[in-house]
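Engineer: For reference, the chains in residue letters:
There are 2 protein chains.
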Amino acid sequence: MKSYKELYSLVEQKIQQLNFDKHPKELFEPISYMLSLGGKRLRPVLVLMAADLFGEDIENAVSAALAVEVFHNFTLVHDDIMDRSDIRRGKPTVHKKWDQTVAILAGDLMMIKATDILCETKTSDLKNLISIFNKAAAEVCEGQQIDMNYEKRNDVSVGEYLEMITLKTAVLLGCSLNLGAAIAKANASDMKNIYEFGKNIGVAFQIQDDILDSFGEGEKVGKKIGGDIATNKKTLLLIRAFELADASTKNDLQKLIEEDAKNVDEKINAVLKIYEKVNVRKEAELLKEKYLATAFSHLDKISVDDSRKEILRNTANELMQRMS
Amino acid sequence: MKSYKELYSLVEQKIQQLNFDKHPKELFEPISYMLSLGGKRLRPVLVLMAADLFGEDIENAVSAALAVEVFHNFTLVHDDIMDRSDIRRGKPTVHKKWDQTVAILAGDLMMIKATDILCETKTSDLKNLISIFNKAAAEVCEGQQIDMNYEKRNDVSVGEYLEMITLKTAVLLGCSLNLGAAIAKANASDMKNIYEFGKNIGVAFQIQDDILDSFGEGEKVGKKIGGDIATNKKTLLLIRAFELADASTKNDLQKLIEEDAKNVDEKINAVLKIYEKVNVRKEAELLKEKYLATAFSHLDKISVDDSRKEILRNTANELMQRMS
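So the protein sequences, as listed, match chains A and B. Per my numbering, the very first residue in the first sequence carries number 1; after that it's consecutive. Per my numbering, the very first residue in the second sequence carries number 1; after that it's consecutive.
For chains that are exact copies, the list does not tell them apart, and a pair is met inside one copy or across any two.
EDC-like cross-link-like pairs, simulated, lysine to aspartate or glutamate; straight-line CA separation at most 20 Å:
hint, residue 1, residue 2
1, K135, D116
2, K22, D99
3, K135, E26
4, K135, E163
5, K22, E139
6, K25, D155
7, K135, E120
8, K127, D116
9, K301, E196
10, K96, D83
11, K25, E151
12, K22, E160
13, K22, E163
14, K25, E139
15, K152, E29
16, K152, E26
17, K135, E29
18, K25, E160
19, K97, E151
20, K25, E163
21, K152, D99
22, K2, E56
23, K91, E12
Quick caveat, the hints were computed from the structure, so don't treat them as lab data.
Throw the hints in and build the complete structure from the sequences for me.
Structural biologist: Below you can see the structure in the form of structure tokens.
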């Protein structure tokens with residue numbers, strides 16, 4: 001079994017070999033730029049890990065791995081427009097560095113290229129691969145729209161929140177593993193279990209992300225603490241804090257969110273105090289552990305030797321720890 | 001051979017049967033809305049005509065036809081954002097009726113759904129169909145970006161203009177015919193010729209569009225005369241007028257374009273006078289006829305009985321006349 005590091009290196013090398021050097025440059029430069037910004041390359045690595053798990057030559061899964069990474073970056077380019085984000089991985093976002101038109105079109109083209117790259121896979125069932133890919137792709141769009149809807153609502157429930165992050169973030173991890181497994185011709189039961197492993201890990205990651213934004217150590221996380229609080233993002237912590245708080249605390253929290261904060265740091269500190277008071281971190285940690293446990297129970301059920309599964313188990317654990 | 005009217009009715013009926021009634025409604029309602037706005041349904045009809053031409057049961061080409069129509073409408077949703085257009089077919093555009101986020105995401109989802117629908121085609125060579133489809137899809141994005149680039153330039157040549165409209169408009173007509181032909185297992189030479197027929201007809205249509213915007217009868221065309229002039233659009237007429245004009249006339253034209261017009265109707269009339277003076281309409285008509293002739297020469301070369309080609313010839317001629 002190849003290590004994360006080995007698979008990551010392979011993905012990086014193959015991304016650099018992608019040839020987007022075409023006319024007009026306004027469209028292809030942003031694509032190369034976006035793909036060069038790096039990141040964990042988690043999704044393509046998962047495609048390769050799943051192929052490896054079921055005994056397939058990982059070279060046969062490289063196209064699917066790249067397709068998922070190009071698709072993921074397409075969603076980031078369009079999300080950054082919608083979220084009005086100026087910075088991505090420490091560099092200007094595409095719509096900032098170029099303009100909105102370029103960002104819309106470069107994103108569109110990345111989506112098209114992702115399917116093209118996926119079609120390069122040597123497989124007897126291309127229709128199935130595209131179906132797995134497109135189902136997740138559609139769900140990611142749906143999740144992003146639901147997230148946008150929540151910006152305007154104050155009554156989002158934990159259940160609704162979990163549905164949103166499942167669609168927006170988690171299904172693509174399940175899809176990545178499923179693509180690798182499908183290329184390796186895994187059976188239906190293994191396909192289902194590895195998908196559920198990925199999806200549940202994805203939900204746990206997102207909950208972890210929410211926790212770290214409020215309780216992480218800024219430098220380790222790589223971004224300022226309290227960003228979600230500053231922008232009134234409907235995170236698990238905020239939603240759960242409203243549910244757990246007594247009437248008076250709820251009132252205080254509502255005011256903090258509704259009022260235009262004169263001092264953002266004061267606002268963050270005040271909200272964090274409420275989070276601590278209602279012990280919302282503990283709640284979130286428990287929910288995260290629940291999803292992790294569900295993920296591992298699905299991994300256990302997969303019909304390959306346990307020793308081959310270690311890499312996926314370790315990857316999940318290391319990623320959760322690296323971020324904490 | 002089925003008539004345009006029959007194929008149009010079939011397309012309309014199948015579009016109404018498309019089921020986008022899903023959650024969240026903010027994403028699926030705009031898709032249904034956009035597809036209900038009507039239009040000539042030229043592209044899907046061309047898919048079916050090509051299948052019919054080569055003796056295929058048109059039912060087998062319906063999915064490809066719908067895929068092209070959904071893709072075309074995706075490009076319209078995103079183009080309307082970039083062009084800041086508020087009205088499409090007499091109704092508010094998606095980003096006006098909802099908002100920009102909805103328009104970006106609904107467009108993204110339409111692109112994904114287009115591929116999904118294409119994959120429903122019963123075929124032994126899905127990879128080929130997707131390749132034909134994605135090549136045109138990528139070129140349409142490139143054409144739109146080049147068009148956006150031209151907005152900022154004053155030295156666009158006729159050759160560059162023709163490249164742009166070929167990519168932005170014409171290749172999708174060639175692609176539509178090619179999909180129908182591929183489903184009917186047409187040979188390589190016929191595939192090439194029917195593609196060139198569609199592409200050249202597409203260029204002729206766009207030139208016709210440019211001519212009508214300046215010289216059409218407003219009510220027949222369905223939009224106000226001079227819209228392109230009012231917005232300084234780099235049409236064939238404007239580009240060619242600059243090339244044909246003497247130094248003094250060129251100067252007048254430049255001023256009309258650079259200055260903020262106090263009275264738009266006066267500006268339109270002044271530019272139209274220059275167009276008449278340099279006889280640019282005649283030039284454009286000749287170029288249009290050249291592309292039409294090239295298109296028909298490719299149609300002639302297709303290895304099926306001439307009588308079967310009449311429907312494509314008539315469709316091209318009728319569309320050119322209906323718009324004049």
